[in-house]
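Make a model of the complete structure from these sequences and hints.
There are 2 protein chains.
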Amino acid sequence: MGVNDKLVETTVSTEPVFSGKVISLQIDMVKLPDGTTATREIVKHPGAVAVLAVHEGRLLLVDQFRQAMGRCELEIPAGKLEKGEDPAEAAVRELQEETGYRCDKLTHLHSFYTSPGFADEIIHLYLAEQLSAGEMSPDEDEFLEVQEVTLEEALNLIAEGRIADAKTILAVYIWQLWTVRGSAGAGV
Amino acid sequence: MGVNDKLVETTVSTEPVFSGKVISLQIDMVKLPDGTTATREIVKHPGAVAVLAVHEGRLLLVDQFRQAMGRCELEIPAGKLEKGEDPAEAAVRELQEETGYRCDKLTHLHSFYTSPGFADEIIHLYLAEQLSAGEMSPDEDEFLEVQEVTLEEALNLIAEGRIADAKTILAVYIWQLWTVRGSAGAGV
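First to last, the sequence lines map onto chains V and W. For the record, in the first sequence the residue sitting at position 27 is 27 according to the UniProt record's numbering, with numbers rising by one throughout. For the record, in the second sequence the residue sitting at position 5 is 5 according to the UniProt record's numbering, with numbers rising by one throughout.
It should be emphasised that the hints constitute simulated quantities derived from the structure, not laboratory data. Some hints could be false.
Which copy? The list can't say, so a pair holds if one copy fits it or any two copies do.
Stated by the list, open to error - The list that follows gives simulated cross-link-like pairs (lysine-lysine, DSSO-like), each with its CA atoms no further than 27 Å apart:
#  : residue 1 : residue 2
1  : 31        : 21
2  : 6         : 80
3  : 6         : 21
4  : 83        : 6
5  : 80        : 31
6  : 44        : 80
7  : 105       : 31
8  : 44        : 31
9  : 105       : 80
10 : 21        : 44
11 : 105       : 83
12 : 105       : 44
Encoded structure:
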């Protein structure tokens with residue numbers, strides 16, 4: 001099941017539209033498999049990391065206002081990659097900044113695109129283990145509160161919509177799958 | 001665990017930057033909890049649906065070129081909401097257009113934000129059951145191929161990166177969890 005050549009589109013031109021602090025936007029013209037053309041609106045993003053961290057049976061979550069949602073949401077610790085930053089180092093950094101916790105063991109779980117229809121954002125998801133508590137140090141325009149929840153509480157928060165983003169729901173399902181199987185951290 | 005008033009940001013102003021076929025972009029100025037201001041780059045999206053459909057033990061996937069990724073990727077059937085469209089109707093429509101399958105039973109599983117840091121895209125994920133095969137009818141600028149894979153194949157496709165987006169990885173984990181538990185479609 002390799003790449004499917006019959007479906008490939010080729011870029012004819014790229015028009016930059018906007019370049020901001022976090023994202024940029026461009027309109028690509030592409031040549032379709034039948035030879036006709038179409039436009040694609042593409043958001044460019046630096047990429048991000050997210051961290052599945054369970055301390056004494058409780059998942060670390062961060063409560064944060066999300067302007068795009070118009071409300072607060074509980075998410076696993078996460079943040080953008082800094083320029084040239086190694087994703088594993090970014091995961092350790094974001095976990096410490098947002099929750100105060102340091103970790104001595106880090107395992108890569110998945111790297112996934114969040115919105116492949118219009119954005120190139122990729123999130124590198126890590127499992128952080130061997131955690132020790134410490135001081136938070138969020139960015140200056142970041143206002144956060146940490147919550148630590150059991151698996152049952154996390155599932156209820158999903159049902160209530162207080163957890164409502166793809167990466168966090170995915171992380172809770174991964175944790176639940178390990179729990180159901182009786183293995184901790186293995187087999188993913 | 002209700003809304004956390006201490007973290008709320010309020011919108012001071014909104015500057016439209018771009019309005020396209022699929023997405024639009026605006027820059028919001030927000031007042032932070034400490035009274036200072038910050039800008040937020042926000043992509044507006046009409047919302048989308050995605051469908052977890054298993055036919056005779058095999059997950060329905062769609063192979064499609066993704067310009068944002070620069071390559072083809074296998075995803076569960078999905079697509080944007082049309083203006084004013086009911087998400088459940090959109091799920092039935094997208095499943096039929098992209099795979100040819102019709103379904104007689106549809107269950108809402110989750111609605112989640114894909115990129116709450118910069119986009120308001122929400123995906124409504126449904127389980128489609130009681131499937132019957134038929135003819136595909138993709139949009140005119142959409143070139144697709146359907147694949148039907150076992151759970152083991154789906155997990156291998158994730159490991160290989162041929163499945164590489166959040167909604168599809170989440171759907172595979174949900175399916176795996178049901179399989180491990182021995183229940184089909186229940187308990188989510």
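Can you give me the call for residue 105 and residue 44, within, between, both or neither, at a CA distance of at most 27 Å? Classified as neither: same-chain Cα gap 31 Å, cross-chain 38 Å, threshold 27 Å.
Which holds for residue 105 with residue 80 at a C-alpha limit of 27 Å: within a copy, between copies, both or neither? within (21 Å within a copy, 40 Å between copies)
Are the CA atoms of residue 21 and residue 44 at most 27 Å apart within a copy, between copies, both, or neither? For residue 21 and residue 44, the Cα distance is within 27 Å both inside one copy (11 Å) and across copies (17 Å).
Up to 27 Å between alpha-carbons, please classify residue 105 paired with residue 83: within, between, both or neither. within (24 Å within a copy, 47 Å between copies)
How do residue 31 and residue 21 come out at 27 Å by Cα distance, when the copy is not named: within, between, both, or neither? Between copies, since 17 Å is at most 27 Å while 30 Å is not.
I want to check one pair: residue 6 and residue 21. Are their C-alpha atoms no more than 27 Å apart within a copy, between two copies, both, or neither? between (37 Å within a copy, 25 Å between copies)
Evaluate residue 6 and residue 80 at a C-alpha cut-off of 27 Å and name the case that applies: within, between, both or neither. between (35 Å within a copy, 24 Å between copies)
Between copies, within a copy, both or neither: which fits residue 80 and residue 31 at Cα up to 27 Å? So residue 80 and residue 31 pass the 27 Å test across copies only (22 Å; inside, 32 Å).
What label fits residue 44 with residue 31 when the C-alpha limit is 27 Å: within, between, both, or neither? both (20 Å within a copy, 26 Å between copies)
Is the C-alpha distance from residue 44 to residue 80 at most 27 Å within one copy, between copies, in both cases, or in neither? So residue 44 and residue 80 pass the 27 Å test inside a copy (12 Å) and across (20 Å) alike.
Using 27 Å as the alpha-carbon threshold, which applies to residue 83 and residue 6: within, between, both, or neither? neither (35 Å within a copy, 31 Å between copies)
Could you place residue 105 and residue 31 in one of the four classes (within, between, both, neither) given a Cα distance threshold of 27 Å? Answer is neither: 46 Å inside a copy and 38 Å across each miss the 27 Å cutoff.
This entry does not satisfy hints 4, 7, 12, going by the numbered hints stated previously.
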